[in-house]
Each structure stands twice: as C-alpha cells, then as structure tokens.
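Protein chains: 2
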Amino acid sequence: VHRQHVAELQREIDGLHPADIAYILEALPPEDRLEVWNLVKADRDGEILLEVSDAVRESLLADMDKPELLAAAEQLDAEEIADLAEDLPEDVLAELMHRLNAGQRERVQAAMSWEEDQVGAIMDFDMVTIREDVSLETVLRYLRRLKELPEHTDKLFVVNGDSVLTGVLPIRWLLVNDPAKRVSAVMAKDANTFHPEDDVTETAQAFERYDLVTAPVVDANGKLIGRLTIDAMVDVIREESDAEVRERFGLREDEDIFASVWKSLRNRWAWLAINLVTAFIASRVIGVFEGSIQKLVALAALMPIVAGIGGNSGNQTITMIVRALALDQIHPDSAKRLLRKELGVALANGLIWGGVIGFVAWLLYKNAALGFVMTAAMTLNLLLAALMGVLIPMTLLRFGRDPAMGSSVMITALTDSGGFFIFLGLATLFLI
Amino acid sequence: VHRQHVAELQREIDGLHPADIAYILEALPPEDRLEVWNLVKADRDGEILLEVSDAVRESLLADMDKPELLAAAEQLDAEEIADLAEDLPEDVLAELMHRLNAGQRERVQAAMSWEEDQVGAIMDFDMVTIREDVSLETVLRYLRRLKELPEHTDKLFVVNGDSVLTGVLPIRWLLVNDPAKRVSAVMAKDANTFHPEDDVTETAQAFERYDLVTAPVVDANGKLIGRLTIDAMVDVIREESDAEVRERFGLREDEDIFASVWKSLRNRWAWLAINLVTAFIASRVIGVFEGSIQKLVALAALMPIVAGIGGNSGNQTITMIVRALALDQIHPDSAKRLLRKELGVALANGLIWGGVIGFVAWLLYKNAALGFVMTAAMTLNLLLAALMGVLIPMTLLRFGRDPAMGSSVMITALTDSGGFFIFLGLATLFLI
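In order, the protein sequences belong to chains D and V.
Going by the numbering used here, the first sequence opens with residue 1, and the numbers climb by one from there.
Going by the numbering used here, the second sequence opens with residue 1, and the numbers climb by one from there.
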C-alpha cells in the first residue's frame with residue numbers, strides 16, 4: 001500500500017462505526033488485518049476490541065505492547081474491562097487495576113468474580129435511579145441535569161434509601177403521564193428482575209419472551225446492583241446458537257477463518273480423535289464377521305447403508321430433542337410419549353425405506369433372503385437410533401452436561417457399530 | 001381434570017403473560033394443549049397465536065371455528081394479521097378482510113405483499129412522528145396528549161410535509177436537552193434507515209452491529225412507511241439459527257415435538273431419501289471392488305474408518321465456512337488463502353491420524369503395505385473433504401442457495417463414495 005493510500009484509508013477508517021471496523025478486521029487475512037489495526041486511532045482500540053470475535057481479538061492483542069493495551073483498556077467501562085481481562089497479559093492487568101480508582105476496581109473485580117454464563121458477568125452499571133416519593137416533573141428536571149442518559153435507557157429504576165429496588169418507571173409512562181403525579185403512582189411494581197447468579201441463557205429467553213430492552217439486576221436482599229440490556233442478550237443468543245452448531249461438529253471454539261494451520265488443528269483434533277476411536281470400534285465389530293463377509297461379499301457393500309441411514313435418522317431426532325430441551329419443553333410425563341412417537345417414526349421409516357432398499361438388494365444380488373435381512377436390519381437400527389436419539393441428550397442434561405455437545409458423535413458411534421452388528425449378525429444367523 | 005381444578009386453572013391462566021401461556025401450550029401433548037387452549041379467554045387468543053411456534057399454531061387454529069378465528073384476528077394489528085394470514089382458512093381471511101376498515105385492509109395487504117424474508121413483512125406501523133420546526137417543549141406536550149406510546153419507542157421519527165423522513169429524535173436526547181430548543185437542532189440526521197425490500201437477515205445483523213432498538217423503514221422516495229423493532233429482529237436471529245441447525249440435519253420445518261408420526265415422517269423423509277440414494281451410490285462403489293474384498297477381507301473392516309473420518313473433517317470445514325459466509329467475511333481474494341489453509345489442516349490430520357490408524361492396521365493384520373495404503377487413503381480423503389468443504393458452500397451461495405442447506409448431505413456423500421473409492425482403489429492397485 002502506498003503512503004498516499006494509507007492517508008486515505010486512515011481517513012476512511014476514522015469515519016467508520018467501531019462495529020464496522022471490527023467487521024473489516026475479521027474479514028482480512030492476518031497481515032492486512034494488523035496493517036489496518038495500526039491505522040485505528042488509539043482511543044478507539046478499546047471499543048473495537050470488544051466488537052471483534054474472540055479469535056480475532058487474540059490476534060490483535062498479540063500485536064499490541066503494554067502502553068497500547070493500557071491506553072485501550074482505560075477507555076472502557078468496568079464491565080467491559082472485565083470482559084477483556086482474561087485475554088490481557090497478567091502484568092498489563094495488574095498495572096491496569098492499579099490505575100483504576102477504588103470504585104471502578106471493585107466493579108471490575110465483582111464482574112470478574114462471576115462465571116461467563118452468569119448474569120453478573122454481563123451486567124453493566126449505567127443505571128439511572130430515582131426515588132418514588134417525587135413527582136414526574138422532578139424526575140424530568142433531574143434527567144435534564146444529567147445531560148446524557150445511558151444507551152438503551154427505556155426505564156428508570158426506582159429505589160428506596162437502602163438502594164432496594166421498589167419498581168421501575170418506563171420512560172414511555174414518564175412522558176405521557178401528568179407531571180404532577182408521583183413516581184409511586186405511575187411506576188410498575190412487578191418488574192422483571194434478575195440476579196447476578198442467574199444463567200444468561202435463561203435470562204436471554206426471558207428478554208425474548210417479555211420483549212424487554214433493559215432490566216434491573218438485584219442481589220439477594222433486593223438491592224439494585226446492575227443493569228442488563230438487550231444488546232448483551234442478543235450477543236448471548238447469537239453466541240449460543242453459534243456454539244450449538246460448532247459443538248455438534250466438534251469445533252471447540254470460535255475459529256478465526258485465517259487462523260494458522262496449527263491453531264486449527266488444535267481446535268479440531270479432539271473430535272477427530274474421538275471419531276477415530278469410535279470408527280475403530282465399528283471396524284472391530286466388522287472384523288468379528290470377516291468370515292461371513294468372505295462367504296457373502298455383498299454384505300460388505302450393503303452394510304454402510306444400514307449404518308449411514310441410522311446415523312442420519314438419529315441425528316434428526318437429536319436435533320429436535322436438543323432444541324426442545326433448550327426451550328425447557330420436555331417434562332418427565334411427556335418424555336415417554338415422545339419416545340413412543342420417535343419409535344413410531346423409526347418403525348415406519350424402517351419398513352418403508354428398509355423395504356425399498358431390501359427390494360433393491362434382492363434384485364441386485366438375486367437373493368430374497370438377503371433383501372429381508374437388509375429390511376429387518378434397517379428397521380432395527382432405526383429403532384436403535386430413535387431410542388438413543390431421545391436418551392442421549394436427556395441423559396447428558398441429567399448429568400448437567402450440554403445436550404448438544406458430543407451427542408452427534410455418540411449417536412453416530414452407536415448407529416455405526418450397532419448397524420454393522422445388527423446387519424452382519426442377522427446375515428450370519430440366516431444367510432451363512 | 002375435575003371441574004374445581006378447571007376453575008382454578010382458568011384463574012391461573014388469566015394471570016399469565018401471553019408468552020408464558022404460549023410456552024405452556026408448546027410443552028403440552030395435543031389433548032392437554034387443546035384443553036388449556038379452550039380455557040384461554042377469547043380476547044387473548046390472538047396475541048398467544050402470535051407467540052407460539054408455527055407447528056403449534058397450526059394445531060391450535062385447527063381447533064377453532066370461524067367465529068373464534070375472526071374474534072382472535074380482530075384483536076390484532078395489521079402486520080400481526082398479515083403474519084397469521086397464511087395459516088387462516090381462505091373464507092375466514094376473506095371475511096376478516098371484509099370487516100377491516102380501508103386503512104387497515106391496505107396495511108394488511110401491503111404487509112402480505114412482501115416475502116417472508118423481507119423487511120416489509122415484519123415492519124409495524126406504530127410510529128410517533130413529529131415535525132422538525134417545533135420545540136422540544138411542544139413535542140413533550142404532544143406526547144402527553146397521546147396518552148400511550150408504542151412499545152419499544154426509543155426514538156421519534158421526524159418527517160416533513162410529504163411524510164419524507166428527515167431525521168430521528170432519540171427519546172434520550174429529548175429528555176436531556178433544553179425544551180426551548182427546536183427538534184431540527186437536536187435530531188440525528190444520519191439515522192440507520194431500512195427499505196421494505198431489504199433482507200431481514202442483513203437487517204438483523206445491522207441491528208446487532210449498531211445496537212438499535214427501533215429503526216424507520218422508508219420507501220424509494222424517502223417516505224416513512226413503517227418501523228422495525230428489536231424484538232422482531234431477535235425473532236429473526238433465533239429463527240435463522242434454529243433453521244441452520246435444522247437444515248443441516250434435514251428437518252424441513254419446525255416440528256411440534258408432539259407432532260403425529262405421519263407429520264414427522266413428512267417433515268423428515270426428503271433428507272432420508274436423499275441419504276438413501278447417496279448411501280446406495282457408495283454401496284455400488286464398494287460393489288465394484290467386491291473381488292478385492294473377497295481376496296483381502298480386512299478391507300471391508302477398514303474402509304468405514306476412511307469414509308467416516310473424511311465426513312467428520314469435511315463437516316468441520318463446512319461449519320466454519322458457512323458461518324463466515326453468513327457474516328459475509330469471505331472475499332474472492334481470501335477464498336484461495338482459506339482453501340490453502342484447509343488443505344494444510346487436512347494434510348496434517350491425514351498424516352497424523354492416518355499414520356496412527358495405518359500403524360494400528362499394520363499391527364492388527366500383520367501387513368505393512370495395508371497400513372501404508374490406509375494412511376495414504378486417509379490423507380487423500382481428508383484433502384478431498386477439505387476441498388469440497390470449502391467449495392460446496394461457496395458454490396451453493398454463488399447459485400443463490402442457502403449454503404447451510406444440504407451441504408452436510410453433500411459432503412458426506414462425497415467423502416463416503418470418495419473414501420471407499422480411494423481406499424479400495426489403492427488397495428486393488430498395490431495389495432491385490
């Protein structure tokens with residue numbers, strides 16, 4: 001890039017929204033990415049670091065020295081610093097904490113003390129609080145004195161002398177009611193409140209369900225300690241859905257598309273290794289029946305069909321169950337009913353598709369018995385897939401695990417080994 | 001359920017938020033669902049129908065007669081009626097349109113004229129508009145006269161005499177600025193605006209990126225015609241991510257977990273049929289090498305490992321590429337680079353994991369050449385998986401298709417047939 005172009009690029013970057021710069025950085029290969037990153041004004045580094053994906057953030061932070069990192073972090077709010085903290089080198093973090101004032105430090109530490117999936121880790125502290133014994137007129141005058149309201153402010157939080165939340169006053173109501181009225185006469189007393197230890201996924205679902213824009217976070221004594229906003233919840237929803245897809249296919253973390261080969265290998269190796277083990281087990285199941293295959297080599301050609309269709313069908317069942325579990329729609333009473341339905345679908349699919357492929361096998365190998373064995377094996381393996389497709393995610397959940405994680409690998413392992421065993425077993429019994 | 005319990009249940013239902021009733025309905029098996037549905041007061045039917053999933057909505061509508069359907073629909077806004085319209089029987093819809101006043105009917109028709117994935121189909125008409133030549137004081141007085149502001153109102157839309165949008169006035173700014181100031185002096189002129197023909201996915205990404213709560217929709221002449229709200233965008237994001245997972249596993253639509261066996265079959269059969277065809281093709285590839293398998297039966301036991309690991313690895317690549325494509329992060333220049341990276345990862349995985357399994361095959365079958373063929377076949381199939389994992393989603397996108405849809409089936413078909421062909425082909429060349 002020529003010097004003249006650089007100046008032009010710099011001007012363009014200065015005019016962009018931080019989220020747009022983040023987007024450009026993510027779409028650039030590493031060298032170009034760092035070149036553009038160096039053109040970004042130091043006072044905007046912080047907000048851009050918050051916008052980029054974890055993987056890209058890592059690559060940007062690696063390029064910054066200590067003074068740059070400190071300058072970037074100092075632009076941020078407490079909860080934003082906490083968000084960034086785990087990616088910062090320890091000496092930078094220590095120096096940063098040292099530079100903060102006591103109140104900020106306490107907030108950063110409080111935010112860092114919560115797990116990533118707890119409300120405490122994503123709440124902010126940009127709250128406007130009012131008392132309930134004043135008039136709306138007084139509230140309006142108070143707001144005017146503030147000069148600026150925090151982003152997304154759609155309601156004011158009403159607290160008493162002990163900072164205990166007693167209600168919320170939606171701005172919409174503040175605007176349409178008689179200014180002479182008291183806050184206590186207008187406010188909503190039964191607002192949706194959350195606790196810092198609440199699970200963020202469930203909280204995001206509540207935001208969706210009740211169409212919230214912001215909500216107060218209170219401690220065990222009802223004291224107001226923070227605020228949640230819809231933009232943080234949208235991030236949670238997006239991240240959850242990305243994580244579900246990733247985990248189904250064994251990508252451990254968000255991968256920078258331009259990550260090095262080495263990083264990609266590390267991100268993906270665990271799943272491949274597990275799959276290798278399950279594939280090896282399936283291979284040994286086949287090994288047991290090598291004698292039968294030698295006598296009737298058609299078995300070798302037909303067996304992957306039984307295994308494959310079982311895996312597909314099982315994955316469909318799991319996809320549906322995982323989603324219903326995430327929405328908390330499955331209760332113990334309904335689990336049995338669900339299992340019956342899935343077994344019914346499997347039986348029908350087995351008889352229909354198993355029948356079709358059994359008929360084709362009969363024609364192809366001029367062997368009616370082989371066709372019947374094929375149909376029976378398909379049906380049994382689809383029943384196995386349905387049973388396991390319901391039980392695997394529900395069991396993972398019961399043991400406190402994420403039902404999406406690893407369920408694809410498990411169902412495929414079971415329907416592969418199971419499919420080979422059922423088909424080759426039946427064939428050995430009836431055909432050899 | 002006893003009569004006394006019914007009365008109690010009725011009271012409880014009356015006290016619940018429509019979204020909570022929707023949630024309960026979704027988690028109940030069909031008979032209980034209809035029983036609870038009949039307890040819901042008629043004037044709440046409409047809002048609950050909007051909250052439940054498409055599949056459950058269908059089951060509830062099927063239970064309602066014409067007067068009930070009309071009563072429910074008449075409670076709703078124009079864009080909500082449009083949303084429900086496609087699920088209503090034709091005679092009910094005709095009667096409903098007849099009963100609406102001219103303005104409402106026009107809005108419903110306008111909303112129905114847009115595709116489901118266009119902004120026009122999800123915008124609402126709850127806008128508060130003001131003129132730019134009045135003072136903030138006047139605006140405040142005007143709002144007070146309205147008695148109620150639409151939900152989510154975080155900004156007022158400033159229009160001129162021709163209804164052309166000239167800016168937006170965030171409520172936050174209205175509250176903190178001197179009431180004597182004019183709207184034109186305070187408003188933002190460069191607000192994010194959308195067009196009714198815009199794609200909802202991209203619009204939702206813009207909402208996320210710029211942390212919007214509401215945004216104006218304007219026509220080609222800049223005339224204000226509607227409004228978008230974050231809750232509709234959250235629904236889009238949620239629906240997109242659900243659809244991605246579903247489509248990867250061949251569930252055509254959102255399935256009611258208590259759907260009948262017959263409905264489930266219809267929802268899933270297409271994918272199973274396609275998989276059956278691809279599995280059959282793979283089976284015929286094996287059929288070509290039956291002679292080799294008969295001579296060296298170990299091939300039958302080892303071949304699923306080559307195919308399976310290729311499929312897993314290809315799906316990992318596709319997952320990453322689909323996500324990057326959805327975020328619009330892949331440009332023609334970077335595609336080559338991405339392909340090189342994925343091929344590098346595949347080569348490394350092939351040599352490492354292929355080497356491990358080749359070594360195990362050597363030990364197991366006391367056949368060094370078999371081990372080498374195994375390693376070579378794994379490496380080649382992983383390279384094929386990487387190549388196709390990049391090309392399939394990018395090709396689907398180029399032809400205007402959803403890159404997530406069907407890509408899993410395609411990669412698995414290619415790595416299965418390809419894996420069998422490569423492994424059995426190499427074995428026939430070097431071992432038989």
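Source of the hints: derived by calculation from the structure; they are not laboratory data.
We put the beta carbon where it would ideally sit given N, CA and C, even for glycine.
Be careful, since some hints might not be right.
As the list claims (entries may be wrong) - Using C-beta positions, here's what the derived DEER-type ranges look like:
| hint | chain 1 | residue 1 | chain 2 | residue 2 | range |
| --- | --- | --- | --- | --- | --- |
| 1 | D | 42 | V | 109 | 25 to 35 Å |
| 2 | D | 284 | V | 6 | 54 to 64 Å |
| 3 | V | 356 | D | 192 | 37 to 47 Å |
Stated by the list, open to error - Residues of chain D clear of chain V, computed beta-carbon distances all greater than 10 Å:
| hint | residue |
| --- | --- |
| 4 | 76 |
| 5 | 161 |
| 6 | 163 |
| 7 | 257 |
Cβ separation of residue 42(D) and residue 109(V), checked against the hinted range 25 to 35 Å: violated (54 Å)
Non-interface claim for residue 163(D), where every Cβ of chain V lies beyond 10 Å: holds (23 Å)
Reported absence of residue 161(D) from the contact zone with chain V (all CB gaps over 10 Å): holds (25 Å)
Supplied distance hint 37 to 47 Å, evaluated on CB atoms of residue 356(V) and residue 192(D): Distance hint for residue 356(V), residue 192(D) is violated at roughly 53 Å.
Supplied distance hint 54 to 64 Å, evaluated on CB atoms of residue 284(D) and residue 6(V): holds (59 Å)
Non-interface claim for residue 76(D), where every Cβ of chain V lies beyond 10 Å: holds (16 Å)
Chain V versus residue 257(D) - minimum CB to CB distance exceeding 10 Å, so not interface: Given that some Cβ of chain V is not farther than 10 Å from that of residue 257(D), nearest at about 5 Å, it is violated.
Going through the hint list in order, the structure does not satisfy hints 1, 3, 7.
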